[in-house]
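Novice: Sequence:
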Amino acid sequence: MTADPDDLALALELADIADSITRRRFLAADLKVDTKPDMTPVSEADTAVEQAIRDLLSTARPEDAVVGEEYGVSTGGGPRRWIIDPIDGTKNYVRGIPVWATLIALQEGERTTVGAISAPALGRRWWASEGAGAFVDDGLSDGPRRLSVSAVAELGDAQLSLGDILHWERIGRLDALLTLARSCWRNRGFGDFWGYMLVAEGTVEVHVEPEVSLWDLAAAQVIVEEAGGRFTDLAGVATADGGDALASNGLLHDAALSIIGR
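Quick note on the working numbering: the sequence shown kicks off at 133 and runs consecutively.
Among these hints, one or two may not hold up.
[Claimed, not checked] Ranges of calculated distance between the beta carbons of each label pair, as one might list FRET restraints:
(1) G321 / V369: 23 to 31 Å
(2) R277 / A141: 17 to 25 Å
(3) G210 / G265: 41 to 49 Å
[What the hints assert, rightly or not] Straight-line distance between alpha carbons at most 25 Å, and here's what the computed SDA-like set of lysine to any residue pairs gives:
(4) K164 / R186
(5) K223 / S152
(6) K164 / A253
(7) K223 / D136
(8) K223 / P276
(9) K223 / T191
(10) K223 / L163
(11) K223 / A184
(12) K223 / T172
(13) K164 / P211
(14) K164 / S152
(15) K164 / D289
(16) K223 / I303
(17) K223 / R320
(18) K223 / V205
(19) K223 / E176
(20) K223 / R256
(21) K223 / D138
(22) K223 / V174
(23) K223 / P137
(24) K223 / G375
(25) K223 / D162
(26) K223 / H299
(27) K164 / L188
No lab work stands behind these hints, which were simulated from the structure alone.
Where is the CB? At the ideal position from N, CA and C, for every residue including glycine.
Can you build the whole structure from these sequences, using the hints too?
Specialist: The following block contains the structure:
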């Protein structure tokens with residue numbers, strides 16, 4: 133099945149709007165930052181981006197629901213919902229680290245059909261639509277290039293990307309993570325959206341995270357899958373809503389799951 137190209141075009145338009153806000157406020161001396169009840173930071177840019185995206189969706193797709201990190205769920209009249217993370221990597225954003233992005237996805241029933249991830253401080257944007265492939269525009273080529281996962285077929289030759297190791301310790305799975313890391317050629321803590329996109333680009337073979345939300349994963353799922361990879365939770369279910377995640381080039385997925393899976 134192929135996604136509607138108009139939906140991808142809208143997702144990219146939403147990413148343009150987000151970039152115009154996040155770029156303007158990144159490194160601003162007067163950036164306002166608050167603390168949410170879960171003790172994570174939220175900046176004025178987070179809320180401004182999500183509100184701007186919701187405003188456009190309310191007119192462009194009034195029947196669609198919206199799920200966003202900052203403003204929760206707004207219901208629509210149909211089976212479609214847009215999943216928004218206005219700034220993935222807010223802690224980086226507020227500290228001046230350029231590894232952050234806006235994540236936008238469209239789900240239709242159980243399928244994620246469109247995804248866009250825009251990281252303007254890195255000069256990169258990734259996108260995919262179901263049945264039409266995945267692409268990146270990084271400014272290094274003559275226009276967008278199609279993404280394809282790597283052909284590495286042995287964990288011993290693989291590069292592993294991972295998030296905060298203290299999260300693994302908190303859920304009692306640090307030993308499993310270390311076993312996976314020891315089984316791979318190399319490991320690095322790229323974290324957040326970037327690890328998934330490196331899998332899609334074919335430069336990393338496995339990326340794992342133990343504590344994540346739907347808005348962290350929905351866009352990444354369709355991009356990784358359209359690049360030829362595999363994306364599941366740690367139980368091996370192909371979902372962005374499992375609370376944890378494993379993305380791979382597909383060839384190494386079962387081997388990684390046998391070590392890190394639940």
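Novice: All hints are to be evaluated individually against the structure, with a verdict given for each.
Specialist: Going down the list of hints, with the structure as the test:
At about 25 Å, the CB distance of G321 to V369 agrees with the hint of 23 to 31 Å. The given range of 17 to 25 Å is respected by R277 and A141, whose C-beta atoms sit roughly 19 Å from each other. Between G210 and G265 the Cβ separation comes to about 26 Å, which falls outside the hinted range of 41 to 49 Å. A C-alpha spacing of about 21 Å is found between K164 and R186, which places the hinted pair at or below 25 Å, so the restraint holds.
Restraint check: the Cα-Cα separation between K223 and S152 comes to about 19 Å, which is no more than 25 Å; the hinted pair holds. With a CA separation close to 19 Å, the supplied pair K164 and A253 stays within the 25 Å bound. A hinted pair counts as satisfied when its Cα atoms are at most 25 Å apart, and K223 with D136 does not qualify at roughly 34 Å. Among the hinted pairs, K223 with P276 is inconsistent with the structure: their alpha-carbon atoms are about 29 Å apart, more than 25 Å.
Taken as a hint, the K223 and T191 pair is broken in the structure, with Cα atoms around 31 Å apart against an allowance of 25 Å. Of the pairs offered as hints, the one joining K223 and L163 holds, with about 13 Å between alpha carbons and a cut-off of 25 Å not exceeded. For the hint pairing K223 with A184, the CA-to-CA distance comes to about 21 Å; that is within 25 Å, so the pair holds. Using a Cα cut-off of 25 Å, the hinted pair K223 and T172 holds, with the two alpha carbons roughly 8 Å apart.
Taken as a hint, the K164 and P211 pair is broken in the structure, with Cα atoms around 36 Å apart against an allowance of 25 Å. Restraint check for K164 and S152: satisfied, since their Cα atoms lie roughly 17 Å apart, inside the 25 Å limit. The straight-line distance between the Cα atoms of K164 and D289 is roughly 44 Å, outside the 25 Å bound, and the hint therefore fails. A distance of roughly 22 Å separates the Cα atoms of K223 and I303; the hinted pair therefore holds under the 25 Å criterion.
For the proposed pair K223 and R320, the alpha carbon gap of about 19 Å is at most 25 Å, so the pair holds. Distance check on the hinted pair: K223 and V205 sit about 23 Å apart at the alpha-carbon level, within 25 Å; holds. This hinted pair checks out: K223 and E176 have alpha carbons roughly 13 Å apart, not beyond 25 Å. The straight-line distance between the Cα atoms of K223 and R256 is roughly 19 Å, inside the 25 Å bound, and the hint therefore holds.
For the proposed pair K223 and D138, the alpha carbon gap of about 33 Å is over 25 Å, so the pair is violated. The suggested pairing of K223 with V174 holds, with an alpha-carbon distance near 8 Å, which does not exceed 25 Å. Distance restraint check for K223 and P137: the Cα-Cα separation of roughly 33 Å exceeds the 25 Å cut-off, and the hinted pair is therefore not satisfied. Pair hint K223 plus G375 holds up; C-alpha atoms about 20 Å apart against a cutoff of 25 Å.
With a CA separation close to 16 Å, the supplied pair K223 and D162 stays within the 25 Å bound. In summary, the hint linking K223 to H299 is supported, as the alpha carbons are separated by about 16 Å, within the 25 Å threshold. Simply put, K164 and L188 have alpha-carbon atoms about 24 Å apart, close enough for the 25 Å limit, and the pair holds.
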